[in-house]
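Sequences are here, hints too, so could you generate the full structure?
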Amino acid sequence: MDITKRYRSGTIVTEILMIVLGIVFLVPFYFLFVNSVKTFGDLLTSAAALPKSIEWGNYSRAFDITNFPTALWNSVLITVVSNVLLVVICAMAAYYMVRNNSRFNRFLFVIFVAAMVVPFQSIMIPLVKVTSTIGLMDSIPGLIICYLGFGVPMSVFLFHGFVKSIPLEIEEAATVDGSNAYGVFYRVVFPLMKPMLVTVFILNTLWIWNDYLLPSLILQSGKLSTIPIATFAFFGQYTKQWDLALPALVMGVLPIIVFFLFMQRYIIEGITAGAVKG
Amino acid sequence: MRKGENGMNHKKTSRLTQQVVFVGPAILFFILIIAIPFVLGLYYSFTDWDGISGKATGVGFDNYKQIFMHDSSFRDSFWFTAKFTILGVVITNVAGFFLAYLLTKPLKTRNFLRTVFFMPNVIGGLLLGFIWQFIFVKGFSALGSATGISFFNLPWLGTENTAFWALVIVFVWQTAGYLMVIYISSLNNVPKDILEAAEIDGASRFQVLRSIIIPLIMPAATVCLFLAISWSFKMFDLNLSLTKGGPFGSTESVAMNIYNEAFSKNRYGLGTAKAIIFFVIVAVITSLQVKFTKSKEVEA
Numbered sequence: 001m002d003i004t005k006r007y008r009s010g011t012i013v014t015e016i017l018m019i020v021l022g023i024v025f026l027v028p029f030y031f032l033f034v035n036s037v038k039t040f041g042d043l044l045t046s047a048a049a050l051p052k053s054i055e056w057g058n059y060s061r062a063f064d065i066t067n068f069p070t071a072l073w074n075s076v077l078i079t080v081v082s083n084v085l086l087v088v089i090c091a092m093a094a095y096y097m098v099r100n101n102s103r104f105n106r107f108l109f110v111i112f113v114a115a116m117v118v119p120f121q122s123i124m125i126p127l128v129k130v131t132s133t134i135g136l137m138d139s140i141p142g143l144i145i146c147y148l149g150f151g152v153p154m155s156v157f158l159f160h161g162f163v164k165s166i167p168l169e170i171e172e173a174a175t176v177d178g179s180n181a182y183g184v185f186y187r188v189v190f191p192l193m194k195p196m197l198v199t200v201f202i203l204n205t206l207w208i209w210n211d212y213l214l215p216s217l218i219l220q221s222g223k224l225s226t227i228p229i230a231t232f233a234f235f236g237q238y239t240k241q242w243d244l245a246l247p248a249l250v251m252g253v254l255p256i257i258v259f260f261l262f263m264q265r266y267i268i269e270g271i272t273a274g275a276v277k278g
Numbered sequence: 279m280r281k282g283e284n285g286m287n288h289k290k291t292s293r294l295t296q297q298v299v300f301v302g303p304a305i306l307f308f309i310l311i312i313a314i315p316f317v318l319g320l321y322y323s324f325t326d327w328d329g330i331s332g333k334a335t336g337v338g339f340d341n342y343k344q345i346f347m348h349d350s351s352f353r354d355s356f357w358f359t360a361k362f363t364i365l366g367v368v369i370t371n372v373a374g375f376f377l378a379y380l381l382t383k384p385l386k387t388r389n390f391l392r393t394v395f396f397m398p399n400v401i402g403g404l405l406l407g408f409i410w411q412f413i414f415v416k417g418f419s420a421l422g423s424a425t426g427i428s429f430f431n432l433p434w435l436g437t438e439n440t441a442f443w444a445l446v447i448v449f450v451w452q453t454a455g456y457l458m459v460i461y462i463s464s465l466n467n468v469p470k471d472i473l474e475a476a477e478i479d480g481a482s483r484f485q486v487l488r489s490i491i492i493p494l495i496m497p498a499a500t501v502c503l504f505l506a507i508s509w510s511f512k513m514f515d516l517n518l519s520l521t522k523g524g525p526f527g528s529t530e531s532v533a534m535n536i537y538n539e540a541f542s543k544n545r546y547g548l549g550t551a552k553a554i555i556f557f558v559i560v561a562v563i564t565s566l567q568v569k570f571t572k573s574k575e576v577e578a
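Protein chains in written order, with the working numbering: chain A, 1 to 278; chain B, 279 to 578.
Possibly wrong hints are sitting among the right ones.
Stated by the list, open to error - Computed cross-link-like contacts, EDC-like style, restricted to lysine to aspartate or glutamate with a CA-CA straight-line distance of at most 20 Å:
| # | chain 1 | residue 1 | chain 2 | residue 2 |
| --- | --- | --- | --- | --- |
| 1 | B | K543 | B | D349 |
| 2 | B | K386 | A | E15 |
| 3 | B | K416 | A | D42 |
| 4 | A | K240 | A | E15 |
Stated by the list, open to error - Have a look at the derived ranges for each label pair, beta carbon to beta carbon:
| # | chain 1 | residue 1 | chain 2 | residue 2 | range |
| --- | --- | --- | --- | --- | --- |
| 5 | A | R103 | B | F484 | 43 to 53 Å |
| 6 | A | Q264 | B | N439 | 31 to 41 Å |
| 7 | A | F104 | B | F526 | 46 to 56 Å |
| 8 | A | L77 | B | S292 | 33 to 43 Å |
| 9 | B | T437 | A | F262 | 23 to 33 Å |
| 10 | A | W56 | B | D340 | 33 to 43 Å |
| 11 | A | F33 | B | D340 | 29 to 39 Å |
It is worth saying that the hints were derived from the structure and are not from the lab. This one's a predicted model, so the numbers in the text were calculated from it and none came from an experiment. Note that the Cβ used here is the ideal one computed from N, Cα and C, for glycine as well.
Set out below in structure tokens:
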């Protein structure tokens, strides 16, 4: 009796402490949202207070200046297409590398694992040279091809670990039924890989959506933008104009936060699965 | 006999076709985007390539000599990055672990709080840096004048020391929740019967934490340290949008130093040599860390 009572009061203290800490964690979002609808004068004099009047006009101006729909569309297009292609390419490669454990495929796997520690900044300078030589600069397909290259090592690595856990008997049964290797993969193995497909999709989405450096190098001319590119360009022009900058930032973070809130369960599972394999 | 040979040949070619169809695309993109630039980078690091003329004359080890003997900005950025990595990695791991430890207790709000602590992580470093620029410049001073706490009245992005800590604060705020998720799944796998047995034997909560829980979650610590080290060592986006390396270049990370060397100063040869050094350092540190923490892992 005594023990449970003490335990409970301890839990309540922990609970209150954690709620306070949670509020502290959310304070930056409070500042961001509240100040995004203030007039410039209101924002300078009382950044912590609630707005005196709500200025939705800030949003429409920022919306026009950043050309938000274009940036959003490009970000979505790049993220989705890169993801779909990466998942298909890497699932196929990992499956074949596990099932045909030849010396070449073992060597390839070692190379992929080793490549995972190569920092992007270590190869970005010659990468610009390579991409401009073969005509991938200032184009969305070019940027997507870059993401395919950079995504391969980790995605193959994650699928590789997963395929090992799929029992061979299932595939043998399908082979007896007369399916060839491609049929077995698409009808039997690929659907079984779904949990890892979700993990790879989540990890790659968070990376590609938020990436600034690679698109800034590939989309150099500034004609094409993604959300991070548009935000950066905006800050270059409107330094300290917080009444425009904050609404632009809210629009920038909103899509990924909505994505997170809807996909939260999968994101948590995906990160856990990715970490265990990593 | 002949038929058999033909069959063998047929089997061989179809195996080759399968290898190409299944693995070919991955190899192609990997070679094009990672392998070729990596090899080219090695080559250019021994030249005076300026990126524009396309001419690159070999200069032997001159770039490396220049970097090690005369480049104080690279050395400064290296020490900044090392200091940032040590503090950032330790603090975010301690924070992530304790958030996880407390949020595996039966709290009513625990699922909601997990969401809150994780949320900053889904936003990219570039946007986070801009958001926090506003908070350090305007938000903190508003809190300072409202509460009178001097912590908020510091010139956060204006001095070398506070700008450094500003980056650490945002880094921890961004990454602790991600590590928390990994530590939570590891804590959930600690066998309940061992914890109960320890409690019956009269072990204090601190003893249980130190002698049972921490050794058992070392696999998660291996992963979390690896992630945190590579995030902090490779930090660029956050650095660019929050401090831009300032004030006076004091918070310029190695990644940003490499970027500026090539793309602002057009010294591509020197930049690639720095990039190769950076790669070697990252590879050595992360593999040493994984080796070290792996040796601390135990089975339940």
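Check your understanding: Any of the earlier hints contradicted here, and which numbers?
Key -> The structure conflicts with hints 4, 9, 10, 11, although it agrees with all the remaining ones.
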